[in-house]
Amino acid sequence: MKFSDEFESRFAEMVPHYPTKRSALVPTLLYAQDEIGFLSDEVIAEIATRLDLTELEVRNVISYYSMLTTKPRGRFNVQVCTNISCMVRGGEEILHHCAKKLGIGHKQTTADGLFTLEEVECIGACSWAPAAQVNYDFHENLTPEKMDRILDEYKKKGTQ
Amino acid sequence: MADLVSHPDEVKVVSRRFGQGAANIDRYLELDGYKAVQKALAMEPDAIINEVKNSGLRGRGGAGFSTGMKWSFVPKQSAKPKYVLCNGDESEPGTCKDRLIFEHDPHSVIEGVMIGALAVGAKSGYIYIRGEYRYLLEIMQKAIRDAYTKGFIGKNIFGSGRDLDIYWHGGAGAYEVGEESALMESLEGKRGVPRIRPPFPAVVGLWGGPTVINNAETLANVPHIILGGADWYAKLGTPKNGGTRLFCLSGNIAKPGVYELPMGYNLKKMLYEVGGGIPNGRKLKAVVPGGASCPCLTADEIDVAMDFDSVAKAGSMLGSGGVVVVDDEQCIVKFALRTMKFYQHESCGWCIPCREGTDWIKKTLVRFHAGGGVKKDIDNIQYLAENMLGRTFCPLGDAAAMPTIGFVKKFRKEFEDHLDGKPCPYEKEGAAELSAALAH
Numbered sequence: 001m002k003f004s005d006e007f008e009s010r011f012a013e014m015v016p017h018y019p020t021k022r023s024a025l026v027p028t029l030l031y032a033q034d035e036i037g038f039l040s041d042e043v044i045a046e047i048a049t050r051l052d053l054t055e056l057e058v059r060n061v062i063s064y065y066s067m068l069t070t071k072p073r074g075r076f077n078v079q080v081c082t083n084i085s086c087m088v089r090g091g092e093e094i095l096h097h098c099a100k101k102l103g104i105g106h107k108q109t110t111a112d113g114l115f116t117l118e119e120v121e122c123i124g125a126c127s128w129a130p131a132a133q134v135n136y137d138f139h140e141n142l143t144p145e146k147m148d149r150i151l152d153e154y155k156k157k158g159t160q
Numbered sequence: 001m002a003d004l005v006s007h008p009d010e011v012k013v014v015s016r017r018f019g020q021g022a023a024n025i026d027r028y029l030e031l032d033g034y035k036a037v038q039k040a041l042a043m044e045p046d047a048i049i050n051e052v053k054n055s056g057l058r059g060r061g062g063a064g065f066s067t068g069m070k071w072s073f074v075p076k077q078s079a080k081p082k083y084v085l086c087n088g089d090e091s092e093p094g095t096c097k098d099r100l101i102f103e104h105d106p107h108s109v110i111e112g113v114m115i116g117a118l119a120v121g122a123k124s125g126y127i128y129i130r131g132e133y134r135y136l137l138e139i140m141q142k143a144i145r146d147a148y149t150k151g152f153i154g155k156n157i158f159g160s161g162r163d164l165d166i167y168w169h170g171g172a173g174a175y176e177v178g179e180e181s182a183l184m185e186s187l188e189g190k191r192g193v194p195r196i197r198p199p200f201p202a203v204v205g206l207w208g209g210p211t212v213i214n215n216a217e218t219l220a221n222v223p224h225i226i227l228g229g230a231d232w233y234a235k236l237g238t239p240k241n242g243g244t245r246l247f248c249l250s251g252n253i254a255k256p257g258v259y260e261l262p263m264g265y266n267l268k269k270m271l272y273e274v275g276g277g278i279p280n281g282r283k284l285k286a287v288v289p290g291g292a293s294c295p296c297l298t299a300d301e302i303d304v305a306m307d308f309d310s311v312a313k314a315g316s317m318l319g320s321g322g323v324v325v326v327d328d329e330q331c332i333v334k335f336a337l338r339t340m341k342f343y344q345h346e347s348c349g350w351c352i353p354c355r356e357g358t359d360w361i362k363k364t365l366v367r368f369h370a371g372g373g374v375k376k377d378i379d380n381i382q383y384l385a386e387n388m389l390g391r392t393f394c395p396l397g398d399a400a401a402m403p404t405i406g407f408v409k410k411f412r413k414e415f416e417d418h419l420d421g422k423p424c425p426y427e428k429e430g431a432a433e434l435s436a437a438l439a440h
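First to last, the sequence lines map onto chains A and B.
One point on numbering: in the working numbering, the residue at position 80 of the first sequence is 80, and numbering is uninterrupted.
One point on numbering: in the working numbering, the residue at position 40 of the second sequence is 40, and numbering is uninterrupted.
Bound conformation, chain B alone:
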């Protein structure tokens, strides 16, 4: 069970029920549970979609696409059944927020899926939870069972004459499955290899039916929007970036933890006031603002509002809310290597630029970090990464390339410091032993 943290600047919407025992359905009901879905049942589907559109809610999985817009792409009439799929395959390095939602407030996800289903006219919803989160899958299984027992899901929900089923589904370890078309493949019992688009999932998704796929945090926000209203929610954030965000502070920071802060909260303030700054008398070197796939920001670039548009303007991405802090005793080449080792491990091998690119860059970085690098390698790493960008079926190739390009561009000197057979100058222990451990 992960520890909870708090800070006076937090605005608790999604985390409102954390630590309140709301995984228990009766407790959830005491805390306004299942009121939003009853309100939504009295609304026209288009009114629900408009409310979510106007709230400025954008996808919390990483892409930041307007949730209301996504819902509006689902055709009204469909010969095949429609579905809502909750993406709980949280696996972007640096991200550990959905875990808290599933642990402390699983019914809010169920309610979010239900409201999504009402909005798009689906009769079934699936909640996919990554395999490593077994205890959370068990919490969700119980939550779903309890909701059936109360008659909140199943036949004739809340006496409305409408049927709506919600099911759980467990993964078995795969980062790529967090990509929405790969997620559908996985749910259909296949390898999580992404599908070519178009057609988009909103038109042809699960088992060929129109499908809405949203991140768990996105869906957990929906009941609050329906109850509190789009205006209230939108005003919590910045223009076009409604609401709050669960930020996962990790790495070299004094008070790591998951904090719910308004969209647009200043990153510098987040690190030094909320996170308590950099411990052990060290200084900030870099910060990855939104999970491993986002280009890093240097210590000079952190005066930025943490919303999708401002971070994009600063040359990175708000991503999945994983804020990874790196202090001045860490080696950026090694950090780049560990990042690439991850993507090389997770690449499914379907697209050549991703399969070969991640492997080649990883091998180069292993050699480079151990002191076997030549000057040409530095440009080569960047060249390889740039040639992966936009040339793969799914965003995994981009996710591997973008941070790599950032590391080389922003920390070229650190790469140069490894040249001429020099072992890593940033590490006390020496690179050779660690590189051996990283090489497999």
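So that you can see chain A by itself, here it is in the shape it has in the complex:
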């Protein structure tokens, strides 16, 4: 199992921050997922070994956090918020629009592996609603037309 140098240096920096090794688990899992795309059996086994945990303990934690996934996702994870502040400003419309444009539903991935669509809970963009995140990037004050342009740009990026 090989991670990038960046991952390794961050991991090495993080572990001594805590009196127990396992405390580094949640951020480590997310950084590993960012690199590999999802938390594969191999990643889970590796992180369990590094932090002196059983694989079951690691899986138990993964299943709690909504950002962590053991299933592969598209290169761009389109996360549309439909919680109250976004909903009253058209968040559902944005979600439906993405579903139609991408031809996929909640937690589904396009056949080319570029996009996954996800309806998410509040992402902290309430005053700039409706909003979505594509991977970690915030896109705010959305309209269907603006969302089109955003998705087109990611598609261009992904097919280059």
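For the record, the hints were derived by calculation from the structure and aren't laboratory data.
Certain hints may be false.
Said to hold, decoys possible - Below, simulated DSS-like cross-link-like pairs (lysine-lysine); rule was C-alpha separation at most 27 Å, straight line:
1. B:Lys39 <-> A:Lys21
2. B:Lys142 <-> B:Lys39
3. B:Lys413 <-> B:Lys375
4. B:Lys190 <-> A:Lys21
To be verified - Covered stretches of chain B, going by a simulated chain A footprint (3 or more residues, C-beta under 8 Å):
5. 95–101
6. 130–140
7. 179–190
8. 256–262
9. 337–346
Fair warning: this is a prediction, and the values are worked out from it, not measured in the lab.
Backbone N, C-alpha and C fix where the C-beta goes; we use that ideal spot for every residue, glycine too.
Once you have looked at the hints, place chain B on chain A.
Positioned in the frame of chain A, the structure of chain B alone reads:
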């Protein structure tokens, strides 16, 4: 990067450095940065605690507990190390203020954690930032690195002979982790299931050591209190509600944004003068005054001072400062359903009333909103919610129940308008399609 707004009624304390480039440590120093912690280093711990107590600063995460009091509960002597933990797991729907603090003024949070650590005798502080806020975690990582490079944190800070370390920590998506005992579990690398109390975190917290947990906005206020003095800060607000508050205006409002207004600012004025009123020629139907977990106020109930005690007297909560405005074209049943769908999604399932209650109410509301409701459902929804109240380990159960009870009590007629197989009368698009989207 979220847009900033401003209004002449604002009193900028926490937001003073927003838009000033203060994430850069040298710029922060030009703007009085790291002066408060140096002042605090010359103070006795009890003097720091008293200053914060006298300022009337109350927890900005939602509960509104006196910050100085919270600090005073930490035992002076402890065999185990003590900790300060900054709660930056901002995830109460309607709340987007800590995001701006982390983006524009991360050093103020670091300085707040440092002063808290000096007050309670901790040698380590942790700043927990929710996983979705990756760019903010990166800003914070750089801020912490820069503060180490300058020698402001680490060994022998400011030549005082005292050591103080500050660390960052990232979450991975969980509303419940915003509850303080769940936050500690998460930081310890576990599922964010809340702990039973007592013992309280001030006595047995992180890794068994006494721990102070404060919201990011709360901590960002502390340096200003130390520099400006408790009296100055207290006088900005109302009695027992010191200072200002970052109010996140969202929903059906003309000028949404995060505004820093004095505690006790009138809600009606906030909506119509600061927020520019309700756009598109519509009227106000309801407002959620402090994030999704707070019971809504109707259009007739908004002449209220926005401080903890006045909003509580009005039957709701000041909560986390998330003011969500709902106009007369929105359906309250659907709003209640979306609120409950959130809590059902976030319930960890540890306590049965919360796990079963949120799921049952959500399913009832989905059916109800689609036109499949019967009269008995309305009382049932209220009954279920009332039976969740106070019967769970953590406040998530209450957070789900309180707004639901409010919706049913204050908008019973809207529920009745959905009866007899009627599709939602408040929506142009019809409920069926939307309910399908909400049902998963």
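Here's how the hints hold up against the structure:
1. B:Lys39 <-> A:Lys21: The given pair, whose Cα atoms are some 35 Å apart, is violated under the 27 Å limit.
2. B:Lys142 <-> B:Lys39: holds, 24 Å
3. B:Lys413 <-> B:Lys375: Holds. Lys413 (chain B) to Lys375 (chain B) sits at ~11 Å (cutoff 27 Å).
4. B:Lys190 <-> A:Lys21: Measuring from Cα to Cα gives roughly 12 Å; hence the hint holds.
5. 95–101: holds (count 4)
6. 130–140: holds (count 6)
7. 179–190: holds (count 5)
8. 256–262: Per the Cβ count (3), the hint holds.
9. 337–346: Coverage by chain A holds here, the residue count being 5 at a Cβ distance below 8 Å.
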